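Using the sequences and the hints, build the whole thing.
Number of protein chains: 2
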Amino acid sequence: MGQAREVVVEALRDLLGKKGVRIQEDDFLPDVIVKPESTEQVSKVLRICNDAGQAVVPIGGRTGLVNGLWQTDGEIGLSLERMNAVEEIDSVNRTMTVQAGCILQVALEAAEDENLLLPLDLGARGSATVGGNVATNAGGNMVIRYGMVRDMILGLEVVLADGTVLSNLNKTLKNNTGYDLKQLFIGAEGTLGVVTRVVFRLRPLPVSQNTALLAVDGFSALEQLLRWMDTHTAGTLSAFEVMWPEFYSYVTRDGSNHRPPLPAGDSFYVLVETRGSDPVADAERFEGVLGEAMEAGLVADAVLTRSQAERNALWEIRDDVLDFFNLGPFIPFDISVTLDRLESFVAMVRSRAEAIDEPICILFGHLGDCNLHVLLGSRRSEAFDPAQIEEIVYGAVEHFGGSVSAEHGVGLAKRSQLHRSRSEAELRVMMSMKHWLDPKNILNPNKIFAATEIAAQ
Amino acid sequence: MGQAREVVVEALRDLLGKKGVRIQEDDFLPDVIVKPESTEQVSKVLRICNDAGQAVVPIGGRTGLVNGLWQTDGEIGLSLERMNAVEEIDSVNRTMTVQAGCILQVALEAAEDENLLLPLDLGARGSATVGGNVATNAGGNMVIRYGMVRDMILGLEVVLADGTVLSNLNKTLKNNTGYDLKQLFIGAEGTLGVVTRVVFRLRPLPVSQNTALLAVDGFSALEQLLRWMDTHTAGTLSAFEVMWPEFYSYVTRDGSNHRPPLPAGDSFYVLVETRGSDPVADAERFEGVLGEAMEAGLVADAVLTRSQAERNALWEIRDDVLDFFNLGPFIPFDISVTLDRLESFVAMVRSRAEAIDEPICILFGHLGDCNLHVLLGSRRSEAFDPAQIEEIVYGAVEHFGGSVSAEHGVGLAKRSQLHRSRSEAELRVMMSMKHWLDPKNILNPNKIFAATEIAAQ
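Residue numbers (numbering that gives the first Met the number 0), protein chains in the order written: chain A, 0 to 456; chain B, 0 to 456.
Simulated from the structure, these hints should not be mistaken for laboratory data.
Please note: incorrect hints may appear among the correct ones.
To be verified - Residues of chain A placed beyond 12 angstroms of chain B at every Cβ, according to the derived structure:
1. Leu168
2. Pro260
3. Asp300
4. Ala312
5. Val320
6. Asn325
7. Pro331
8. Ala386
9. Gly400
10. Glu406
11. Ala424
12. Thr451
To be verified - Some chain A residues close to chain B (C-beta under 10 angstroms, calculated; not the full set):
13. Asn49
14. Gly52
15. Asn114
16. Gly138
17. Arg144
18. Gly177
19. Ala220
20. Glu222
21. Thr230
22. Asp277
23. Asp368
24. Asn370
25. Val403
26. Ser431
27. Phe448
To be verified - Estimated spans, in silico, between C-beta atoms of each pair:
28. A:Asp339 to B:Leu14: 33 to 43 angstroms
29. A:Ser431 to B:Asp72: 44 to 54 angstroms
30. B:His418 to A:Leu321: 27 to 37 angstroms
In this text, all values refer to a predicted model and were calculated from it rather than measured experimentally.
By construction, the Cβ of each residue, glycine as well, lies at the ideal position given by its N, Cα and C atoms.
In structure tokens:
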């Protein structure tokens with residue numbers, strides 16, 4: 000630890016006490032992690048660090064997938080784990096005020112206890128914090144219906160690099176009083192400010208849930224099916240999760256964790272779900288809409304669930320991404336490409352993947368959001384070449400005008416790919432924005448942009 | 000016209016030709032209005048103006064309500080009326096790409112022709128432009144279901160003060176590639192950049208529409224009814240428009256433009272509407288949900304519509320705000336207050352309005368968005384005192400922690416009220432943001448903030 004850093008850590012220990020500063024060597028995370036208990040303490044921590052030019056990484060639940068928390072240059076970690084309260088559930092206005100360190104699952108359950116829904120559903124819900132969800136503009140399984148995290152935030156409290164507290168715990172849907180500052184910090188990955196409090200819009204908790212697994216022949220039928228479901232289940236379609244055949248057949252193979260609800264061999268398997276307000280009528284409509292889709296040739300085969308256990312079994316197939324690690328090393332990609340180009344995109348990736356020795360190429364995604372996940376690797380560890388693999392996927396994304404990050408963000412992992420999806424002018428303005436709000440570049444430096452890139456502007 | 004301005008106008012005439020520059024004296028709008036035909040021309044216009052320090056006001060359909068287009072200091076007007084094309088309706092991805100000068104009504108109809116919905120419904124649809132809608136983050140009648148304009152924008156093209164073109168005509172729901180720059184310009188009222196192109200997310204066009212007028216006794220029943228409707232019409236509730244009794248009784252009085260569908264005398268009249276995908280089932284559900292609300296005592300009386308003509312007749316009652324000008328001069332306010340405080344807010348405004356000689360006090364609003372419109376004035380022109388009236392309403396807004404602008408924006412009209420809804424720190428950061436993106440303050444100067452306020456920072 001350098002001498003200047005030693006002085007900062009001492010000042011932070013004076014401020015937060017012994018329990019507020021943890022020192023522990025780690026390969027990736029900062030060795031010093033401070034744990035303020037209040038927004039005021041966060042503000043003081045940042046003022047001390049900013050004055051000393053000491054870099055800081057805000058730390059949530061450590062479930063990110065783009066190395067957004069990695070130490071790059073002696074950063075101190077700022078964990079909000081002691082600011083984890085659900086401060087209020089306002090069932091009149093249907094809002095929820097939560098401290099940033101609250102675990103998502105805790106927030107979800109607190110809302111549900113009041114018959115309300117925080118419509119954010121993602122795999123990491125048991126460890127991710129809402130602050131991290133906001134900082135990464137998280138997506139998940141219900142975006143088709145409720146949007147990204149950005150779309151469910153009404154109010155936000157943020158601390159800037161210099162310690163300024165920007166607090167606007169707004170609870171109304173309409174509020175056009177000057178610039179909507181909260182938008183700056185949503186999805187900024189902790190590089191522009193530290194989120195300390197969030198006001199979420201809550202929805203009525205749906206009381207009906209209808210889920211089915213569908214087999215579909217061909218991409219044309221698949222995209223027509225998506226539009227069909229979206230059109231005929233007005234406002235209630237909450238998931239349209241697509242598995243390509245390699246995904247489905249592997250996860251449901253003999254000896255896997257799952258029994259196949261439908262035989263393998265079709266071109267796509269789709270998990271569709273609606274959530275509504277009338278159990279009897281919603282089930283009738285769901286079956287009717289699917290029946291008509293079958294008659295129209297959009298669905299080759301279908302299984303409807305009749306119990307929560309059956310529903311869980313279908314979701315467990317969709318969520319069993321860890322099983323693929325049995326195949327060999329791969330990189331999990333998170334990209335988006337518009338529907339009209341998706342089939343060609345997949346064809347290009349598959350064709351280029353043939354250059355890999357014994358390739359792993361698994362595809363699945365939230366098709367309603369144009370969000371595709373690709374697991375690309377090799378069954379032979381020695382043949383696993385990350386640079387080659389990234390070039391295959393990101394090259395194809397660039398070719399089809401897609402986005403190198405759909406819901407995971409940029410962090411360190413995708414920094415060098417950003418130019419494939421954003422123009423020179425955009426990147427320049429982004430770096431200028433970073434410099435405007437954090438002139439000493441102390442907030443999560445080197446994430447999204449390298450410090451050297453910003454300095455060179 | 001000063002000499003420097005003369006030189007700028009000459010350069011703009013060289014660039015755009017005679018047809019591209021209109022000179023005409025006007026009491027409020029700039030006397031010089033330029034009309035570029037392309038984003039490239041917008042860029043060149045701004046570069047010329049920025050170099051010369053010549054201020055510019057972007058001009059849309061001139062339907063704003065906060066004097067956002069008024070000339071304050073020799074501005075030149077920048078009208079996008081020649082950039083008015085619907086460039087693309089992509090029915091695969093369900094998006095629409097539109098030039099900023101396109102009239103909202105034209106965009107709405109173009110989407111509808113493809114069986115798609117641009118879910119933006121506001122009174123000024125026949126003259127407002129989509130660029131103006133974006134710049135003001137417009138709201139309207141369907142916000143409870145589809146959100147504000149911000150929530151329906153996927154991509155945006157903007158020209159900065161110095162002529163830099165920021166173009167990201169993204170079409171996917173999920174795109175986390177660095178900072179989401181488009182958010183900066185939505186709702187910024189043309190003070191940070193000029194919007195030239197928009198990609199909207201479209202929705203399936205609903206095929207069912209169920210509309211009713213309800214009479215409700217007491218505020219407690221009203222807010223319970225809102226939650227009841229929201230809960231039991233899962234995802235399809237598209238309007239919940241409330242008229243206070245003075246509104247309803249005046250607009251449906253003998254000799255007015257309307258026949259009263261329900262007798263006057265109740266405490267609230269609510270226009271509710273759902274839009275869905277199954278005409279028969281949706282009508283059944285709508286009637287069922289309203290029937291249960293009546294049994295629960297939330298609805299005192301109801302009229303359901305059976306035809307488009309009946310539906311139009313209800314909406315015409317709600318929309319007939321012009322009729323109130325027959326009463327005398329008033330100021331139309333657009334504010335928001337959370338539901339739990341709304342009744343007290345209204346009581347305070349009414350009680351303070353008693354200080355006005357022969358007061359006009361009319362209330363109505365989009366209650367699902369906590370958005371209230373107040374018409375406050377006096378039947379005696381001589382007693383009409385704008386300062387007194389503003390103090391009554393904005394003082395009460397501040398007292399109850401509400402917002403001085405819900406959907407209309409700030410412009411010149413509400414500039415001096417902004418401090419009632421935003422903190423010192425927020426206002427400082429906003430002004431700093433303006434200075435960052437428009438250092439010479441040439442873009443719609445004096446709107447939202449006075450030039451002198453920014454200079455004093």
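Exercise. Does the structure break any of the earlier hints, and which numbers would those be?
Worked result: 1, 9, 10, 11, 13, 14, 19, 29, 30
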